[in-house]
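Chemist: Sequence:
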Amino acid sequence: MKTRDRLRIAMQKSGRLTEPALDVLKRCGLTFRQSRDKLFCFGEGEPVDLLLVRDDDIPGLIEQGVCDLGIVGRNVLDEFSLTAGIDGAPLKEWRPLGFGRCRLSVAVPQEMTYEGAASLGGQRIATSYPGLLGKWLRDAGVDAQVVTLAGSVEIAPKLGTADAICDLVQSGGTLVANQLREVDVLLESEAVLAGPATLPSDERGDMLELLFKRLDGVIQVSESRLLLLQTSRGNLEAVTRLLPGGPQPTLLPVAGQPDQLMLQALCAGEVSWRQLEEIKNAGAREMFVLPVEKMLA
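Each residue of the sequence shown is one higher than the one before, starting from 73 at the first, in the numbering used here.
Check the hints yourself; a few may be wrong.
[Stated by the list, open to error] In silico lysine to any residue, SDA-like type, Cα no more than 25 Å apart, as pairs:
no., residue 1, residue 2
1, Lys164, Val241
2, Lys230, Glu275
3, Lys207, Trp166
Please keep in mind that the hints were generated in silico from the structure rather than gathered at the bench.
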């Protein structure tokens, strides 16, 4: 197989998305051998290779056809689409991946009165996302000055170079440390699988289809748990009433115990100790909670 017949995925070389992205790909059955320069990883077993780069470069590499897909934050993808002046095919978010969650928010000094976007009229707003901020301001009909910074946005008000900021927020701790408060959310972001709006129709297209199916099987159950327990037929209704949300449970007879049933249920999300204790008090025993790695429907 020719090298470029292989699927190529770009992802962050080093950062908060790196390890979760590698984990998702591993759960999709993809393994890689890293090159000496640690920028290219050759896929073993499947015709899929990795290119490790700066996250800001990923949309451009997809747009130029260097890579077929990229794992990148929605904030980076949307900013690129607004500011890069794409000459090639437009980019598309193909799958949300469920990790790297954060939000792009406006924050102002704690003492500033904020009564909506109009309060920013005539103000200087520092950001690393001028495209997203500019669109939000235009949509709100607000005339403000966008001050573009490459980093350390949160200290701009202290330095006197801005009156407010627009930056990524996770816990909000950095804002508090800089006497800022979050007042508006522009974008809810997470890691996404991005690619061209039109996918290749050759061998790479076949592999993409397979990868999407595997990703769906991983993502759908990423926060699910499999609950196994035993209960009597008389307690079955009380036990099932307490099960966390999910598909209808599967019931199996227990050999040599005609009154007993083995129940397995796919639960959407964590199963807490309190939930387990309530289910046990309703008549369940021999309870196991197992993580779910992947699903093929």
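Chemist: Please go over all the hints and tell whether each is borne out by the structure.
Modeler: Quick rundown of the hints versus the structure:
no.	hint	result
1	Lys164 <-> Val241	24 Å, holds
2	Lys230 <-> Glu275	54 Å, violated
3	Lys207 <-> Trp166	23 Å, holds
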